[in-house]
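Visitor: Residue strings, one per chain:
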Amino acid sequence: MSNDATLHSHQQELTHGAVAHDDHGNGHEHHHEDSFISKYVFSMDHKMIAKQFLITGIIWAIIGAGFSVIFRLQLAFPDTAFPWLETILGHWAKGGRITPEAYYALVTMHGTILVFFVLTAGLSGTFSNLLIPLQVGARDMASPFMNMLSYWFFFLASMVMMASLFVQTGPASGGWTAYPPLSALGDASIGSRIGMDLWLTSMALFVVSQLLGGLNYISTILNMRTKGMSMTRMPLPIWSFFFTAVLGVLSFPVLLSGFILLLFDRHAGTSFYLSELFVAGKALSNEGGSAILYQHLFWFLGHPEVYIIILPAMGMVSEVLAVNSRKPIFGYLAMVGSLFAIAILAFLVWAHHMFVTGLNPFLGAFFVLLTLLIAVPSAIKVFNWITTIWKGNIRFTPGALFSIGFVSTFISGGLTGIWLGNSSIDIHLHDTYFVIAHFHIVMGVSAFFGMFAGIYHWFPKMYSRYMNNTLGYIHFWITLVGAYCIFWPMHYEGMAGMPRRYYDYSSWESFKQFVELNKFISIVVVAVFATQLLFVFNFFYSIFKGRKLTTTNPWNATTLEWTTPIHPGHGNWPGEIPEVHRWPYDYSKDGKDFIPQTVPVSPDESKH
Amino acid sequence: MDTAVTAKKKWWGGGYSPFNVSYGKLMMWYFLMSDAFTFGALLISYGTIRFMSTSWPDPNEVFKSAPLMGHANLPLVFVSIMTFILIMSSVTMVLAVHAGHQRNQKAVTKWLAWTIVGGAAFLACQAWEWTHLYHEGAWWGRNPFLNVDGTPASTNFTNFFFTITGFHGLHVTSGVILNIVILINVLKGTYEQRGHYEMVEKVGLYWHFVDLVWVFVFTCFYLL
Chain A
1 MSNDATLHSH
11 QQELTHGAVA
21 HDDHGNGHEH
31 HHEDSFISKY
41 VFSMDHKMIA
51 KQFLITGIIW
61 AIIGAGFSVI
71 FRLQLAFPDT
81 AFPWLETILG
91 HWAKGGRITP
101 EAYYALVTMH
111 GTILVFFVLT
121 AGLSGTFSNL
131 LIPLQVGARD
141 MASPFMNMLS
151 YWFFFLASMV
161 MMASLFVQTG
171 PASGGWTAYP
181 PLSALGDASI
191 GSRIGMDLWL
201 TSMALFVVSQ
211 LLGGLNYIST
221 ILNMRTKGMS
231 MTRMPLPIWS
241 FFFTAVLGVL
251 SFPVLLSGFI
261 LLLFDRHAGT
271 SFYLSELFVA
281 GKALSNEGGS
291 AILYQHLFWF
301 LGHPEVYIII
311 LPAMGMVSEV
321 LAVNSRKPIF
331 GYLAMVGSLF
341 AIAILAFLVW
351 AHHMFVTGLN
361 PFLGAFFVLL
371 TLLIAVPSAI
381 KVFNWITTIW
391 KGNIRFTPGA
401 LFSIGFVSTF
411 ISGGLTGIWL
421 GNSSIDIHLH
431 DTYFVIAHFH
441 IVMGVSAFFG
451 MFAGIYHWFP
461 KMYSRYMNNT
471 LGYIHFWITL
481 VGAYCIFWPM
491 HYEGMAGMPR
501 RYYDYSSWES
511 FKQFVELNKF
521 ISIVVVAVFA
531 TQLLFVFNFF
541 YSIFKGRKLT
551 TTNPWNATTL
561 EWTTPIHPGH
571 GNWPGEIPEV
581 HRWPYDYSKD
591 GKDFIPQTVP
601 VSPDESKH
Chain B
1 MDTAVTAKKK
11 WWGGGYSPFN
21 VSYGKLMMWY
31 FLMSDAFTFG
41 ALLISYGTIR
51 FMSTSWPDPN
61 EVFKSAPLMG
71 HANLPLVFVS
81 IMTFILIMSS
91 VTMVLAVHAG
101 HQRNQKAVTK
111 WLAWTIVGGA
121 AFLACQAWEW
131 THLYHEGAWW
141 GRNPFLNVDG
151 TPASTNFTNF
161 FFTITGFHGL
171 HVTSGVILNI
181 VILINVLKGT
191 YEQRGHYEMV
201 EKVGLYWHFV
211 DLVWVFVFTC
221 FYLL
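Chains as they are written, first to last, in full-length UniProt numbering: chain A, 1 to 608; chain B, 1 to 224.
No lab work stands behind these hints: they were computed from the structure.
Don't take every hint at face value.
Below, in silico cross-link-like pairs of lysine-lysine (BS3-like), each with a Cα-Cα straight-line distance of 27 Å or less [claimed, not checked]: (1) A:K391 to A:K39; (2) B:K10 to A:K607; (3) A:K227 to B:K64; (4) A:K227 to B:K25; (5) B:K25 to A:K607; (6) A:K227 to B:K188; (7) A:K592 to A:K94; (8) A:K227 to A:K545.
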C-alpha cells in the first residue's frame, strides 16, 4: 500500500475517536515509493480513483454522444449517403446509410452509455470519490481497497459493454430499458442475441461497482468526518453524494433481481416475463409470465436512477454558486431537507413511467400525486439557488456559468415534468419527442452542466492547474444555446404526436412537416458535439500545460479541500487533519470576504 | 474504546462514529439492507405472478418426500428438518459471537465450526431436495406438478422455486465460505493479535440475515 509520512499521523488522529479506524493506515509501511502500477493503475488513493472514473467517463461520453451524432444524421438526412459511415461502421452502414438495426443499436447504446456509464459512474463516481474525503476531512475512503474494486468492476463492465459493440449481431438494440419480450427472445431481433447477454452481464458488473462505491461513500460520510464536522456543517455536495449513494444501494439490487429473472427467461426456458407470444408466426410455449413485472422492477431502479444522476449535480452547483457569489447558500437546511424529500419520493413514483401499460387508473392517481409532489422540493431548491446568487458579487468563472446554466435547464426541463406527470396528458405524450425533450433537458443537459461546473471548479484540486477560461466560455455559450436549440423544438414535435425511436419520419405524412426542423436539430447537434471535443481538448491540454496553481485556495473558498497542499499526497493533509469550527458558507460575513471552516468562531462574531 | 461515553457527548459532531460502530460493520448493515431489496424484489415478483395465476400446486403434495423414506407421505417433514438445522446454525453463531466478546479463542473456534457444519448440512439437504425434484421432472421451464384444482400448472411454480431457493443457496454457500475464512483466521490467532473478534460479528450479521431470508423463502414456497 502506498504511503508517505502523511498516513503516519493518521493513527494518532483517530485514536481519540470512540472507534479507532486502525485497520487502515498501515503506518509501518511508510516512506516507500509508489510504483507506476500502484499509483496510476491499481491506486487506492481516492483522488486517483476519481480521475480514473472521470477519464473513463469522458471516453464513454465521446462514444455515447458520437452515437447520437450518427443517428441524428439519419434523422436529418434519411436519403443522403455518408460514405465515411460505411468506413467506420462497415456492414451496419452499407452504402453510407445506417441500417434500421444499426439505428436501434445506436439509440439503445446512446441511452445506456450516457445514463449509466457517464452520468452515474462518470459523475457521482468521480466527484463522490474526489470530494467526500477531502470535504469531510478524512485521509481516504473508509475502505480504499473496496473503492479500488469499485472502479475496476466499472472498468470490467465497460470492457464487456465495449465488446458488445463489436460482436457480429451487434449490441443490444431494444432500447436502454431492455423491455421483454424483445430483450428476452433471441429470435425477436438480432440485437436480442449475444449483444443482449453482454449488456446484461455488463450491467450486473456495473451494479456490483455501484454497490462497492455506495457502501464506501455512506460509511465514509457517517463515520470518518473530522472533529467538529457535524452533519449540518457538511458542504452540500456531501449531502447530495450521501443521498445519491443511499438511492443506489437500495435501488440497484432490484434491477439486479430483474436482470436475473430476464437471464433465466433468455436461457433456461422460464416464463417470468413471457406469456402467449408469437414470433415469426410461431406460437411459443411460454405462459403465465408478465412483461409488466419487468417494467416495475426496472423502473424501481430507473426512477431513482434519474435522481442518482441529478442529485450530485445539484450538490455541486449549490457549492459552486455560493463560492462564486461570495454569499452564504440560501436556506442550507431547506436544501438538505429537499434533497431528503427527493430521495424519499424517488422510491414512490416509478409507475409514472408506466401509465399506458394498462396500469390501474386508480393506482395511477396516487403515482400522479406523488410525482407532482416532487415539484415542491425541486422548486425549493431552485428558489434557493436564485436567492443565493441574488445581489451576489458574482465571479463569472466557467464553473459559475455552468452552474447558472444548470439552474436554467433544470427549470425548463422540470416544468415539462409537471405535464408528463399527469396520467391523462401522458396518454397523448407518452413515447413522443416531448418526453425526449423533457428528460434530456432536465437530467441530461442539467447533469452535464453540473458535471462541467464540478470539473472546471475542482480541476485545480485534481491537477494543480487551471483549465483555460476562454475555451471554457466558448464551451459554455455554445453548449447552452445549442442545448436549447436541440431540445426546445422537440417539444413541438412531441405535442404533434411524433413518436420516439422511429427510423425515418419522412415516410410519415403526419410528420413530414418536421423534416426541416429535424435537419436544424441535427446540424446543431454536430456543432455542440464539436464544442464538447473542444472541452475534452481543454481538459487534457490543461492537465499538462494549464496555468499552474500558485495558491492552495484559488477560489477563496471555505471548505476543507482547499486546506490541503497544492499537490496533496495520499492522506491529503501533511500534518493533523484540521478541526472544523463552523459551517461551510461563511462568505461576506462581518466585513470578511470568507472565513474558512477551520477558523474558530470568535466571541464577537455575529450569528449566522 | 478509550473515552468514556457521557450523555453530553456530541455523537454527530464529527471525529467519532455516530453509531459507535466501525465502518466495516456499518457497511455490512447497509449491504444487508441492499440485499434485502434483492430478495424483496424476487419474492414480490413471485407474489405478483402467483397472484395473477388462477391456481397453483399444493406444497404438501410437492414436498412430501424425505431421503431413505421411500414413498412414504411426509408433507413438509424434510424441509422442516432443513429449516431447523439452519436456525440452529444461527444459534451456534450467536454463541460464537458471544465467545468472541469474551475473547475466548477456543469457544469461538468450536461454535464457528458448528455453524459451518450447520450451513454445510443445510446445503446438503438442499442438494438432495433439488436432485429429488429434478428426478420427478421438475426444473427451470418444466413443472410436472398439477394445480390444486387438477389442471396443469404454470411452469412459474418451479421457475420461481429454483431461482429463489437457488439464489438463497448461493448466499448460504458464500456465507459458509466466509465463515471458513474467518475460522482459519481465528485458528491463526489473527483476532487475538488484533485484540477483538469483530470480524466474527460481521460474518455473524450476514449469517443471521441469510437465515432470516430463509424464513420468508420457506413461508412463500412451502407454507402458502
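Visitor: Hint by hint, say whether it matches the structure.
Guide: For each hint, the structure was consulted:
| no. | hint | result |
| --- | --- | --- |
| 1 | A:K391 to A:K39 | violated (45 Å) |
| 2 | B:K10 to A:K607 | holds (21 Å) |
| 3 | A:K227 to B:K64 | violated (61 Å) |
| 4 | A:K227 to B:K25 | holds (21 Å) |
| 5 | B:K25 to A:K607 | violated (38 Å) |
| 6 | A:K227 to B:K188 | violated (36 Å) |
| 7 | A:K592 to A:K94 | violated (66 Å) |
| 8 | A:K227 to A:K545 | violated (38 Å) |
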